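Undergrad: These protein sequence lines are chains E and A, in that order.
Residue numbers for the first sequence follow my numbering, so the first one is 1 and each next one is one higher.
Residue numbers for the second sequence follow my numbering, so the first one is 1 and each next one is one higher.
Hints were generated in silico from the structure; no laboratory data involved.
Accuracy of the hints is not assured; some may be wrong.
[To be verified] Here are the computed lysine-lysine pairs in the BS3-like style, where the Cα-Cα straight-line distance is at most 27 Å:
(1) 128(A) to 142(A)
(2) 109(E) to 76(A)
(3) 217(A) to 76(A)
(4) 111(E) to 128(A)
(5) 142(A) to 6(E)
[What the hints assert, rightly or not] For the chain E half of the interface with chain A, some residues (derived, Cβ under 10 Å), not all of them:
(6) 189
(7) 215
(8) 309
(9) 310
Remember, predicted model here, so these are calculated numbers, not experimental data.
From the three backbone atoms N, C-alpha and C, an ideal C-beta is built for every residue, glycine too.
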Amino acid sequence: MLRYRKYPVLIVSLIIAFFPWVAAHVPAIDHYPDIMIFAGIYAIITIGLSLLMGYTGQISLGHAAFYGIGAYASAIFTSRYGWNPWLSMLLGTVLTSLIAIVVGGPALKLKGHYLAMATLAFGIIVFIIFNEEAGFTGGPDGMTGIPGLSIFGFKLNAERYYYLVWGIALLVFLFTTNIIQSSAGRALRAIHSSEAAAMAMGVNVPGCKIVVFAYSAGLASLAGSLYAHYMNFLNPSTFDIFFGIKLLIMISLGGIHYIWGAVIGAVIVTFLSYEWLHYFEELEILVYGLILLMITVFLPQGLAGIPEMIKNRFKAAP
Amino acid sequence: MGPEKDCILDIRDLVMRFGGLMALYRPDFVVMRGSITAIIGPNGAGKTTLFNVITGFLIPTEGLVLFNDKPITCLKPHQISRIGISRTFQTVEIFRNMTVLENVMLGFHGRMGSSFTASGLKAPWAVKKENLIKEKAEGILKFIGLSRKSNHAADSLPLGEQKILEVARALACEPALICLDEPAAGLNETESHVLSSLIRAIKEKGITVLLVEHDMKVVMDISDDILVLNHGQKIAQGPPDEIKSHPRVIEAYLGDE
């Protein structure tokens, strides 16, 4: 049975809360909080994706597109129409969820590789639109002049942005964990295990799949908006297929069946791509390939699965 | 006609065609409320197809299924489950990624599951329902005799108990009619004996039982009424004694050449 673990969540939250203060005192890592902002943004996506892929068993390679739609919605609503950034963020999230419902309706009838292909195709189409609809998106040159966020007139600088992003990530984490530990989450796991049996037990399988798909897409969109308002600049290449694959690496590395694995994976991969893999330059992609391969072969449950693995090893030994 | 004697399920003019294959052809019959009705027949007779039509997994080419005098042929499987028809599967379909208790708790989803939002926000009514579900699920495990394994992983159970667990889960839907698809398949003699008494106990609870079964000992032992199918058509219906000596049944099973 899944139990609600309050203390680990509290401890991790405290570590994250004090991390900028610690990092500020260690010159070698004083820019880490900056990277952590991106990690937090990605964690918001991977938490939703973990619910969709790890718990419900529905593969999506198209979440880079939802992330991009959120980012561009925020950018376009604010810089072209002058709307309030928070309103734009909310509208972007609602819009993206609606798109997910429209796309997910037919796509989620597919299973396994076919669903992966369909979502991949969706990602490619959206990526082309970002590049070609230059009138709205600025095309390959990107968009500039996206306003930052402020609360009650307080402009959110990098330090405050850190707390905004991780605060949202914490709320998303709690909401998603609550779902998993309730009857709704049980229904999702049932779908993963046997759709026929889930249906026979009164679970509205297509409905549940679409709701989870829309929820995870909405989270990706929210993350995209946070990215746009933080960077103040957008470029389509941020939302290409490779980013979709990177999200996949994040959740597989962290552990696809664990929500907190999604957070760990997001943090590690963010640090890899922003900091630790710089030497590899163009070969970076090979390293990711290697990581994905190693995880699949040696750690199918991901990093979050290690404690369980050790426990089972001890149980197996007489 | 008292409430004990009326019919709960009425199959009328049912035709199920898959391309050129006629899987079911008008096997008209009714199931009496509170009875144990068995469907038997050689392999490929259309038994499981009939189950799939009744539970909404297949939409029949023609004809009607009436449940409590209301047509249900246009309903989806989860809707049929929610109005009171629950089922098990020929190939065991327990949720392997859950514990025994969680499997049974899932059975309550249709009637008392909480919404996505209420679950996510841990709304007080959702928590209350969750506790009630747990309590009821434990009650069912007690009834079925799996209490001591409630926290075991479902796929760690031996096949016999997995089949019983599937029955428990189907009971959690609080059905008026429970459809068991070959519940005794793969069970040894002791296990099928346990199963027989379990099915009788389910009947005692006032739940109508419809079962597809190959194990004739189980069928003859517990059934009130037996329907015999062959090539999608009804060839006989009646109490066990009558069916045992029915010439067309013997012919269907043993062949006449």
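Undergrad: Just pull the numbers of the violated hints for me, sorted ascending.
TA: Numbers 3, 4, 5, 8, 9 - these are the hints that the structure violates, sorted from lowest upward.
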